[in-house]
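Enquirer: Here is what each chain is made of, one letter per residue.
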Amino acid sequence: MQSYDSGAAPLGDSIQKTLTDLEVTIEANRCLNCYDAPCMRACPTHIDVASFIGKIATGNLKGSARVIMDANPMGASCARVCPTEELCEGACVYKKDDSPIRIGDLQRYSIDWLMRNDDVKLFEPGTSTGKRVAIVGGGPAGLSAARDLRRFGHAVTIFDARDELNGLNTFGIVPFRLSLDVARWEAREVLKLGVDVRAGVRVGVDVAMDALVAEFDAVVIACGMGGVPKLGIPGEDLPGVWDALDFIERAKLGREVGDLGDRVVVIGAGNTAVDALTCAKRLGAERVTMFYRRGEEQMTAYEFEYEFAKQEGIEFRFYCAPLRVLGSTHVTGVEFVRTTIPPDSIKPAPVHVPGSEFLEPATAVISAIGQSRLTQTFDALGIAMDDGVVRVNDELQTSRPGVFAAGDCIFEKGMREAMVVEAAEQGKTAASSVDAYLRSGAHV
Amino acid sequence: MADLRSDLAGIKSPNPFWLASAPPTNSGYQVLRAFEAGWGGVVWKTLGDPIVNVTARFAGLNWKQNRLIGLNNIELITDRPLDVNLKEIRECKARFPDRAIVGSLMEVPDRAKWRELVKAVQDAGVDGFELNFGCPHGMSERGMGSAVGQQPDLVERVTSYAVEASEIPVIVKLTPNITDVRHTARAARRGGAHAVSMINTINSLMGVDLETWNPIPHVDGMSSHGGYCGPAVKPIALNMVNDCARDPEVGIPISGIGGVSNWQDALEFLLLGATNVQVCTAVMHHGFAIVEDMIDGLSNYLDARGLASLNEVIGASQNKITTWENLNLNYAIVAEIDQETCIHCSKCYIACEDAAHQCIERAVVDGVAMLRVDQDHCVGCNLCMMVCPVEDCIDMVRVENNLPPESWKERSARAALVSP
Ligand SMILES: Cc1cc2nc3c(=O)[nH]c(=O)nc-3n(C[C@H](O)[C@H](O)[C@H](O)COP(=O)(O)OP(=O)(O)OC[C@H]3O[C@@H](n4cnc5c(N)ncnc54)[C@H](O)[C@@H]3O)c2cc1C
Ligand SMILES: Cc1cc2nc3c(=O)[nH]c(=O)nc-3n(C[C@H](O)[C@H](O)[C@H](O)COP(=O)(O)O)c2cc1C
Ligand code: SF4
Chain F
1 MQSYDSGAAP LGDSIQKTLT DLEVTIEANR CLNCYDAPCM RACPTHIDVA
51 SFIGKIATGN LKGSARVIMD ANPMGASCAR VCPTEELCEG ACVYKKDDSP
101 IRIGDLQRYS IDWLMRNDDV KLFEPGTSTG KRVAIVGGGP AGLSAARDLR
151 RFGHAVTIFD ARDELNGLNT FGIVPFRLSL DVARWEAREV LKLGVDVRAG
201 VRVGVDVAMD ALVAEFDAVV IACGMGGVPK LGIPGEDLPG VWDALDFIER
251 AKLGREVGDL GDRVVVIGAG NTAVDALTCA KRLGAERVTM FYRRGEEQMT
301 AYEFEYEFAK QEGIEFRFYC APLRVLGSTH VTGVEFVRTT IPPDSIKPAP
351 VHVPGSEFLE PATAVISAIG QSRLTQTFDA LGIAMDDGVV RVNDELQTSR
401 PGVFAAGDCI FEKGMREAMV VEAAEQGKTA ASSVDAYLRS GAHV
Chain Z
445 MADLRSDLAG IKSPNPFWLA SAPPTNSGYQ VLRAFEAGWG GVVWKTLGDP
495 IVNVTARFAG LNWKQNRLIG LNNIELITDR PLDVNLKEIR ECKARFPDRA
545 IVGSLMEVPD RAKWRELVKA VQDAGVDGFE LNFGCPHGMS ERGMGSAVGQ
595 QPDLVERVTS YAVEASEIPV IVKLTPNITD VRHTARAARR GGAHAVSMIN
645 TINSLMGVDL ETWNPIPHVD GMSSHGGYCG PAVKPIALNM VNDCARDPEV
695 GIPISGIGGV SNWQDALEFL LLGATNVQVC TAVMHHGFAI VEDMIDGLSN
745 YLDARGLASL NEVIGASQNK ITTWENLNLN YAIVAEIDQE TCIHCSKCYI
795 ACEDAAHQCI ERAVVDGVAM LRVDQDHCVG CNLCMMVCPV EDCIDMVRVE
845 NNLPPESWKE RSARAALVSP
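So the sequences go chain by chain: F and Z.
Take the first sequence: its position 395, counted from the start at 1, is 395 in our numbering, and no numbers get skipped.
Take the second sequence: its position 361, counted from the start at 1, is 805 in our numbering, and no numbers get skipped.
Keep in mind that the hints were calculated from the coordinates and are not lab data.
Yeah, the Cβ is synthetic: ideal placement off N, Cα and C, and Gly gets one too.
Check the hints yourself; a few may be wrong.
These stretches of chain F come out as covered by chain Z in the derived footprint (C-beta under 8 Å, 3 or more residues) [claimed, not checked]:
| hint | stretch |
| --- | --- |
| 1 | 24-36 |
| 2 | 54-63 |
Listed next, the in silico DSBU-like pairs over lysine-lysine satisfying Cα-Cα at most 35 Å (straight line) [stated by the list, open to error]:
| hint | chain 1 | residue 1 | chain 2 | residue 2 |
| --- | --- | --- | --- | --- |
| 3 | Z | Lys791 | Z | Lys678 |
| 4 | Z | Lys508 | F | Lys96 |
| 5 | Z | Lys764 | Z | Lys678 |
| 6 | F | Lys96 | Z | Lys791 |
| 7 | Z | Lys456 | Z | Lys557 |
| 8 | Z | Lys456 | F | Lys121 |
| 9 | F | Lys413 | F | Lys95 |
| 10 | F | Lys95 | F | Lys310 |
| 11 | Z | Lys563 | Z | Lys531 |
| 12 | F | Lys281 | F | Lys17 |
| 13 | F | Lys192 | F | Lys121 |
| 14 | Z | Lys791 | F | Lys17 |
| 15 | Z | Lys456 | Z | Lys764 |
| 16 | Z | Lys791 | F | Lys95 |
| 17 | F | Lys413 | F | Lys17 |
| 18 | F | Lys281 | F | Lys95 |
| 19 | F | Lys95 | Z | Lys678 |
| 20 | F | Lys95 | Z | Lys508 |
| 21 | F | Lys96 | F | Lys413 |
| 22 | Z | Lys508 | F | Lys17 |
| 23 | Z | Lys537 | Z | Lys678 |
| 24 | Z | Lys764 | Z | Lys508 |
Using the sequences and the hints, build the whole thing.
Expert: Here it is in structure tokens:
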């Protein structure tokens, strides 16, 4: 069987276990086919879960894959990186007995079938409307918008700053959770519908936004977020200090990352931190330790990621904030201070505990304290933002008429999550809004 | 995409999936919902003199985790006035002119009464009739349903009453509560029927409540036999459909009913000679939406095999059924266990050891049971493959014995020649 899940060699294979045919049969037949199923409601893209599982049970794998891909153009990556225990599987009626249907695994089973059957054609482009739409950024959000816009019959051009599509799916998520092959296959599926791609073009730098607005009938901004922000402490420019995204990308693409030494310190506790931690460990670093200035409960990584990191032998240190990076020609350590969160504070912010400073030896430091906002880009695009988040209405229209936005660039804590599946849904929503806008004639 | 359009004796529908005459087709509201979901046709809940039903009415057979592998009912025909049903039939036909609406009828064997009922329902715009000669309980005590369907001469006579009054195709729905269904099917044809449908429900008694010793279901402590349907009856229905499909004296199209739950079941009915299928229990269990995968699955199956329409499957396996005496005695297969996928449960071992021919060898190595077939003694009965929980783990493989095909009929004829 052809496998799309083999990781880059030194990083080892996929952590997802492929279900045996027996497990698939049992699992698919166990699904109750609930009416108005809670799993479907919990999925941000509202995949009709009971339907795709029922089709697996009847051996209709093409139909099953279609149900998934119809609702979610990112069905392949989502079957690998979605925090299913917080989404569909968390809502399954069997969850109460702690035995939810393994929806993510079954979804992967269906899509794996699709990946092996390259001649199967699920979707057709719609009848041409003669309208042209530009998409800025070909990550999950941009690709999803492109797929649906093509089905609506609009011509689509994707501009992407990188030489390959699928954004963080290609460059960001570690290969043992999402391989390059899967990310590439997923982008190809969208391109099959006939999409013009301008790779290596930075909108706002190489091409002006006004040129896009003049050339196209509508624009979708899906440029995601930026790199890891500066720690803002002395010594962070020393050799041996890494931006986590840069680090993961090099490792994923099989490029040189040099010798990490035996003591790797990772700062941060989100998705990126976990990927950096496990990646460093798999590259052979002996001790890999996460340092976080808050407690275990405040970690932003998903439960499954935390569990996975523990299994990979990662160590965790909570309530520690970095003060400076030590070393003269190369990093040798980090000075930390212990923190505490005052119990009565409304927005719990950690405060330093005086006199608790300590030195942690390190052969490499990886900063994974989140992603910065592309404020310069948004300025250049001439769209309004709030705290670096592109401002949109319910239809995902930005402050500029005819310009819509989707994905991580509109991620806002407590409002919208930064997840592949959310990016996919927003991409679909943006496509529907663009379609309504173009059909209303408002753009002429 | 394959053409799923279906034509049963002139009754056309966009797909071969009809709802059987039963609770799901009780009212216009339900039929409209069914059509919205995609059903190709419906056979309206049997019309006749409205009756009074009892409570309770149904009971289900569960098997381990699986609910409703069989369903038993003591419900009768429609309990709603004829004019209300006819008004709703008109409305449904107007909203969905491309779907088939068939009027199911039941009446005592009286020519004038049949004429009156046929004319009234025909005026409502139905595309055909289905004569309910099958209901095994209640109605039969009043001289209708299976009381008609169990007597070939009555089937023929009553069919002719309906056919002579009707200007549209007439289907006769047959009861399985009879020794050989071909006799009543032939009688329907002699009476002028354009098609037959089968099976209606099978006489059954669901069980006894071990707490109260009451029958299940019970009506104030008592019960009567009911009609059995659902997935468990499919093999019985397939056999009856195929018997009729191969019988030249029947010779009219067949609508297959009994345990159809998905597109795979439907295909089996078509391959064995049915022109379309009707469904009741699966909808009572899961709702109208199941037709979506029935259509999708069937269509994908036909496409994957490059088949353009249903005509290419209807009856395609029909003549692969014959009498036992014609089967090839020299065809030999034996079991083979795939060691890669075996989960070492030893189910095949104990089945063969206790109930077949003692030819699976079992060796426990490091606490794990290793299973191997002694192919010299295996008689190729299939039992181990059937009990194995892993799909395709036990395969029945052909043994080449270089013997020409020979049936029992041929062999006994040869023996008779040798020793006169
Ligand atoms: C390490 C890591 C692990 C993660 N793990 C998970 C996980 O397990 N599960 C999950 O659901 N999510 C995870 N995420 C989040 C997920 O990857 C993102 O939410 C998702 O990729 C957002 O999609 P997007 O299309 O909005 O942005 P991106 O994927 O960031 O794509 C944006 C695209 O825009 C392009 N671009 C940027 N600026 C310009 C410009 N000016 N002109 C042209 N093109 C431009 C970029 O090159 C890129 O291709 C993870 C993220 C990271 C970093
Ligand atoms: C509750 C119930 C009521 C039924 N009523 C009728 C009826 O009025 N007329 C009729 O022709 N068949 C009636 N049937 C039989 C069904 O139409 C059908 O022949 C049978 O259920 C087999 O199909 P299935 O296995 O898909 O359920 C009834 C079945 C059930 C379960
Ligand atoms: S909630 Fe669970 S049991 Fe119900 S349809 Fe969804 S996966 Fe199946």
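Enquirer: Starting from Lys281/F, check that the Cα of Lys17/F is at most 35 Å away, please.
Expert: 20 Å, holds
Enquirer: Holds or violated: are the alpha carbons of Lys563/Z and Lys531/Z at most 35 Å from each other?
Expert: 14 Å, holds
Enquirer: For the pair supplied as a hint, Lys791/Z and Lys678/Z, confirm whether the alpha-carbon distance does not exceed 35 Å.
Expert: 26 Å, holds
Enquirer: Can you confirm whether the C-alpha distance between Lys764/Z and Lys508/Z stays at or below 35 Å?
Expert: Holds. Lys764/Z to Lys508/Z sits at ~34 Å (cutoff 35 Å).
Enquirer: Run the distance test for Lys413/F versus Lys17/F: straight-line Cα separation, threshold 35 Å.
Expert: Measuring from Cα to Cα gives roughly 32 Å; hence the hint holds.
Enquirer: Does Lys557/Z sit within 35 Å of Lys456/Z, going by the straight-line distance between their CA atoms?
Expert: 28 Å, holds
Enquirer: Mind taking a look at whether chain Z covers the stretch 54-63 of chain F? Criterion is 3 or more residues with CB to CB distance under 8 Å.
Expert: Contact hint for the stretch 54-63 of chain F vs chain Z: holds, 7 residues under 8 Å.
Enquirer: Checking one constraint from the list: CA of Lys95/F to CA of Lys678/Z, max 35 Å. Satisfied?
Expert: 34 Å, holds
Enquirer: Quick one, are Lys537/Z and Lys678/Z close enough, alpha carbons at most 35 Å?
Expert: Measuring from Cα to Cα gives roughly 31 Å; hence the hint holds.
Enquirer: CA of Lys192/F to CA of Lys121/F, is that 35 Å or under?
Expert: 9 Å, holds
Enquirer: With a cut-off of 35 Å on the C-alpha distance, tell me whether Lys95/F and Lys310/F pass.
Expert: 24 Å, holds
Enquirer: Regarding the pair Lys95/F and Lys508/Z, is the alpha-carbon distance no greater than 35 Å?
Expert: 21 Å, holds
Of the numbered hints stated above, none is contradicted by the structure.
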